[in-house]
Amino acid sequence: MRRIGRLAVALVVLATVAVATPARADNLNASCSTWNGDYYMNAWTYYTPTGPYHHWYMIQYELGGHPTGGKSNVNFAVVETTGVRYGNNSPDSLHSYQLYTVTPPGQVLTSQVNEEWVRFEAIFDKWLEDPRCPAQTAHL
Amino acid sequence: MFVILDADRDGAVLLDGARRTYRGVRRDAGVVWEDRSAAGTAAMVTCLATCPDAAVSAGIESLSSPAVPDPDPAAWIGGQLRPLAVALAHKRQILTASGPDDYVLATGDPNGGWRLELQGRGRPVTALAVGGFRTSWQESADGTHALAITIVPGAAGNEARWFSRTAGAWRMTGAMSRVTGFLACVAPDGSRAVLLGQRPALLDRAGGVLSVTDLVTGGACALGAGGGLIVELAQTGEGTSRSRVRAVDSTGATRWRRDLAHAADVVADPTGSRVGYLADGVLHVLDATTGTELRTIADVTAARYDAAGDLVVADRSGTVRWLADDGP
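Residue numbers (the numbering used here), protein chains in the order written: chain A, 1 to 140; chain B, 1 to 328.
Do not rely on the hints blindly, as some may be mistaken.
[Claimed, not checked] One side only, chain A facing chain B, incomplete, derived with CB under 10 angstroms:
(1) Thr34
(2) Pro52
(3) Tyr53
(4) Gln60
(5) His66
(6) Tyr100
(7) Val102
(8) Ser111
(9) Asn114
(10) Lys126
(11) Leu128
[Unchecked claim] Covered stretches of chain B (in silico footprint by chain A; criterion: 3 or more residues with CB under 8 angstroms from a CB of chain A, positions within the stretch not fixed):
(12) 35-46
(13) 91-103
(14) 137-146
The hints are simulated quantities; they were obtained by calculation from the structure and are not laboratory data.
All of these numbers come straight from a predicted model, not from anything done at the bench.
C-beta atoms are modelled at their ideal positions from N, C-alpha and C, and glycine is treated no differently.
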């Protein structure tokens, strides 16, 4: 378990890789947007079926909308009906209009016997209050 | 929801998601065994010499952590569940088996290290040290070639090893190579594999890697005698599914493509040029080279080709059929 713990820490530090890209969608097609439409998030999760499992191996997200203070967050969890299989909280330093890729360490498996999905929450760094928007994938 | 966990010309093992059970189906006799316990732990299943005789081992909890021991392996043989006489160890996952005394085992423990044990009938065990507790094993359609990929967290890459089966025993061929992916599908002649869980690439038996297609990452694949399909599987945060299907030939060149708004699975005929993708309950059978649609089959929830080139399909009721006449 200690090994997993170290790897989880390493994930936060190393595996959250930001690659500058243009925004891929406006907030009309966003995974979620704040109540006033000022901020939005797009998210994608990649998986592979293997035997009775789905193996979740890459999660990507990007933020957009009005300017932020550059300290936004995205938290997500890979979930099945029996509980959370993997959770990840981003560093407190996300910028808008960058595509972030998270590669979980080891294996994140969910059972195809259960319903499986990924839920997200974006927290936008704004003066006085930090608006949030939740999103989730369809259930497999 | 149904998943064909393994199948050959004699039978199949089906995961029935609604009833939360595994079912062993004989082509000529219907259901011959059912295993709710194995489904409850999401155990791995691999057919023995003929389906639905099958080895049952590991489970989602032990596959998710090196610290969790595997349950005792067992095998369904002739409709009866029997323990498998595998040496006691912390991890004991059956990667492939043709019988109770002929198998490849992923074993070891966090302190002593991890290894693959190749057990042939009446032969001494051959042990190979590997860098992690979790190894995937994909065989060619005729069961004579295999690619094992061992996940090595935090390393420069995962470990890929090729194997061949001669005189009733598996042996490693060539040197270990490093790959990014952790799953693969092997060509019918065992000459190459498509790597998944990374940007799709062809891996040859010498360890050479050739990136293929425009996909960001490969989620599923199937290679036939006349080409294959690779599909990128993604879920979006807006609650939709997206699949991008690419047909590749033996050189890795993309021959045609389909982008779908559904989750998809792919199949390929190991004896010919037919390939197919399954999306939204319809199996589309196409020519691997031209993309010409040869046939559509409705009411399909799971599909694969067996080694003889017959389509094995499960419908919405979970009935498994073998479709021998599959068009040109």
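Hint check:
no.	hint	in the structure
1	Thr34	violated, 14 angstroms
2	Pro52	holds, 5 angstroms
3	Tyr53	holds, 6 angstroms
4	Gln60	holds, 9 angstroms
5	His66	violated, 20 angstroms
6	Tyr100	violated, 13 angstroms
7	Val102	violated, 13 angstroms
8	Ser111	holds, 4 angstroms
9	Asn114	holds, 8 angstroms
10	Lys126	violated, 21 angstroms
11	Leu128	violated, 26 angstroms
12	35-46	holds (count 6)
13	91-103	violated (count 0)
14	137-146	violated (count 0)
Violated hints, in rising order: 1, 5, 6, 7, 10, 11, 13, 14; the structure is consistent with all others.
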